[in-house]
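> Given the structure of chain A, go ahead and fit chain B onto it with the hints provided.
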Amino acid sequence: MSTHDFGQVSRTVGTVFRYALLAATLVGVVALGILLLFVAVDAIQPLTADPGWHLTFFLSFVLPTLVVSGYLYRRAPDSLRAGGAIVGLLAVTTMFAGGVVLIFVDIVSPITWFGFVLALALPAGVLALVSRTLSPGMGTSVGLSAALLYISLAGVPGPVGGIVGLAPIAPSVIALVGSIPVLPVDWMLLVVSVSLPVGLLAGSYVASYTDRRGGIVALGLTVALGVAASLAAPSLGISAGPSLLLATVVGVPTGLAVWRSWETNRLALALPAVVVGGAFVGAFAVEALGFAGPQSWVDWQFLTSAHSRIAEDAGLYPAIGGSILLMGAVIVLSFPFGVGAAIYMEEYAPDNRLTRLIDVNISNLAGVPSVVYGLLGLGVFVRFAGQPTGTVLVGGATLSLLILPIIIISSREAIRSVPEEMRQASYGMGATRWQTVKNVVLPRAFPGVLTGTILALGRAIGETAPLIMIGAPDVVFSLPAELSAKVSAMPLQVYAWATLYGSPAFYQKAVPAGVVVLVSVLLAMNSLAIVLRNRYQNEQ
Amino acid sequence: MSTDDITDELTRNVEGTTQERLPRLFFFICAAVSVVTTVSIVVLLATEAARFFSVTAPLVGFAGETVDAADFFLKTAWQPPEQFGVLALVSATILITVGSAVVAIPLGVGTAIYLSEYATPAARSRLKPALEILAGIPTVVYGFFAVIYITPVIQGVFPQTGAFNLASASIVVGIMIIPMVASISEDAMSAVPEDLRQAGYGMGATKFDVATGVVVPAALSGIVSSFILALSRAIGETMAVTVAAGSQAQYLNVLNPASYLEGALPMTAAMIKLLLSDITGGGLAYRSLYAIGITLFAITLAMNVISDFIAQRYREEY
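Chains A and B are the protein sequences, given in the same order. Be aware that the first sequence starts at 1288, since it is given in our numbering, and climbs by one per residue. Be aware that the second sequence starts at 201, since it is given in our numbering, and climbs by one per residue.
Note that these hints are calculated values from the structure, not bench results. Ideal Cβ positions, reconstructed from N, Cα and C, are used throughout, including at glycine. There's no promise every hint is true.
Here are the simulated EDC-like cross-link-like pairs (lysine to aspartate or glutamate), alpha carbons at most 20 angstroms apart as the crow flies [said to hold, decoys possible]:
1) K1725(A) with D208(B)
2) K1725(A) with E220(B)
3) K1725(A) with E215(B)
4) K1725(A) with D1761(A)
Just some of the chain A residues that point at chain B, by a computed CB distance under 7 angstroms [claimed, not checked]:
5) F1391
6) A1408
7) F1624
8) L1688
9) S1771
In isolation and in its complexed conformation, chain A is listed as follows:
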C-alpha cells in the first residue's frame, strides 16, 4: 500500500492547503503565459486582420487540428504525442533552416564552405586508409591527423611557417578550391558539400533500422531532393542555394521522422498532415478570397532588414546573424572544454584536495553574476590581450566562460547516471580507462550531455550584460563576416530599442517584435532539450 492511500482524513485545511500549493505552483507559469500572450498580441496584432481571414483559418486550420487532437487524445494518446513531435520538429527545423540560409547567403559563401568540407574530408579519408592498412598507434594517428588537418586547412608551411619566414610551398585546400578559375554554379557545390554529408547521416540512420540498401536509398533521395529543390527554385521565385538548404534542413529530418512513423505508428501522421494541410489550404483560401492578414510587426521585412531610426523600418537581421555566429563560437569554445572537464571530474579525478578544490570552484563559478563575466571579458580579452572591443571572438569567448560551469555540471550529471556496471563490464573485457570513456561512457551519456548543452546555449543566447560589458555595439548594420568583426545580438538589439531608442513607437513595434523572435528561438531550444531528455529518460 503506498502513501497515497493514507492521509485521507484531511478535511478543509488539507484541501485548502493543497489548492493553495497548486496555485503557488501555477502563479509564475500563468503570469509568464499572460505576459507572453500580451507581447505576442502587441507584436502580431491579430485584431488588425479581416474577420474573414480569422474565419478561414479557423475552419481550415484550427478546427481540424482541434478535432484530430481531441480524437487522438481520447483514443490514441501515443499517436498524439508522436504527431506533436513531428509538428514540433517541423517548426524547429524551419527555424534552424532560416539560420543556415542566413549563414550561406551572407557569411560563408558556398565555395568557401565547399573548400572547407573538402579540407576536412581529405585528411579523414587519408587517415581512414592509413589506419586500415597500417594500424598505427594512438600517438602516431593523433600526430598524423593533426598534421594532415593543418596542411589541408592552412597549407604548407601555413601561418606558422609565415611567422618563421618560410616561403609558401603549397596552398591550403580552401585556397586551392577558391583559385580554380572555372567553377560549377553554387547549388552544385552545395549538393556536394551539404546534401552529400546530410545524406550520409540520413543513410546511416536509415541503415541502422533496415539494411545497407535502405541507407543507400536514403542517401540517393537526399541528394535528389537537393537537386530537385535547386532546379525548381526559379519557378518558386527564390534562388537555388536557399531553396536547396531549406529543402535539405527541413525536409530530411522531417522525412526521416515521417518514415519512422509510417513504419511504426501511422495514426501519428494524422496530426502533422492536418496541421500542414490546413495551413496551406488556409493560405490559399485567404489569397483567393482576398482577405487581409494581420498587420504583424514580425514580418519578412523585420526579419531581413537592419536597424533603422524609424520604428516601422527597423529590423533584426544583423542581430539574428550575430546571435548565430556567437552561438557557433560558443559551441566550439565551450563544448569540448565543458565535456572534457566533466569527464575528468567523473572518470579520472583522484579523491584529493585538488579535486575537491576544482569541484567547489565549479559550483561557485556557476553562481557568479553574468555582469562579472562581462568584466572578466573586458579586463582579460580586451584590455590585457588587446583584442578590439565587441568582436565575435571576444563575445563568444566571454559567453563560453559564462556557460562553461553549466555545461560541466549538467554533463557530470549525465556521466554519473551511466551505470557503474557498464564501466565494470568494459574493464572486465580488458578495456583501458580511455577506451571505456570513449566506447561506453560517452555514447551512453551523450543525450544527457546534449540536453544540458542546449539549455546552456539557451542561456548564452539570452545574455545581454556580458556583451554590453565587452563593448558590443548596440547597432550593427551588416552581418559580421569574420571573427574579428563587431557583433550585435538579438537581446542586445532589443535592449537598445527599449532604452536608447525608447520612444513610444519603438516600445509598441520593434521591441515586442524582437521579444517574440527571441522568445520563439528560446522556447524552441528549451522544448528540444526537454523532448530529448524525456526520450532519453524513457529509454533508460
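This is chain B only, laid out in the frame that chain A set:
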C-alpha cells in the same frame, strides 16, 4: 574494496602508456580551465579595484586619481565621476532582493511542496519543464515586461509610482528565481526518507500535517540554502533591473515600503550605465566598475559559500 579501487587495479598496467596519458592530460586541462577562470576573475577584480581606492593604490604602485574607501562604502551619493557613494546602489539592490524574496520564497516553497508531496508523476513531468521555462526567458525580456505591462498595473493601484520603479523590477526578478527556489527545495524534500512520512501517517497525521510537520522541517537546510542561492542570483541579476528599475541613482530607505514605488540604480545596473556612458579607458569611472564588481562578486560568493555550508552542516542525516 570499492569499485574505484577495483578500477584502479584493473587499469594500472596501461596507465602509463601514451594512449592513456594523452586523453587524461587533455581532460585535466579542461578541468583546470575553470580554476584559471576563477583565478583570473579574482586577480583582475582585485588589481583593478586596488587602483581605485586610495588605501590600496600605493600597494600596486598606482599614482593616479583614487577614491577613499570610506567614501565609497559609507557615502550615499553616486554621481560618477565625482561622487562614488556605493550605498546608493546597495540600497536599491537590497530593496530589489528583499522584494523578489517576498515574491519567490512563498511561491517557490509552495511549488516545491506541491511537486514533492502532492503532484502525481504525470503532473510533475508537465509542471517541471514549464517551471524551467521561467528561468529560460532572457532577463532583458523580463525587464521589458516589467516596464510595459507590470508598471501600469502598479500605477493603477498607487498613482504616484514612477515609470521606472523597484516594485516592478522586484516582481519580475522574483518570478525569474522561483524555479531555483523550487527545484533545490524539491530536491531536499524528495531526499526525506519515505519512512518518516510513513511514521507520520502511522501516528494518525494527515497529509497536511506530514508535509508541514515532517517533510519541511526535515528538509529545512536544503530549503534555506535554496533561498540564499536564489537571493544571490537576484543580487547579480542585471538586465531586468537595468531596464525596469531606472537609471537615476538615489539612496532609498530600505525599511520604508514606499521606496518600492521609486526608481533607483542597483549595483549591476550601475555597471551597465557606467559602461554605456563614455568612460575613458583606465579612468576613475572605469576603475569604479571593478570596485562595484568586486563588491558584487564578494557578496555573491559569500552567499554561495554560506548556502553550501548550511546545506552540508545542518543536513539531517538519515
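> Work down the list of hints and note, for each, if the structure agrees.
Okay, the hints, checked on the actual structure:
no.	hint	in the structure
1	K1725(A) with D208(B)	17 angstroms, holds
2	K1725(A) with E220(B)	11 angstroms, holds
3	K1725(A) with E215(B)	16 angstroms, holds
4	K1725(A) with D1761(A)	44 angstroms, violated
5	F1391	27 angstroms, violated
6	A1408	25 angstroms, violated
7	F1624	5 angstroms, holds
8	L1688	6 angstroms, holds
9	S1771	19 angstroms, violated
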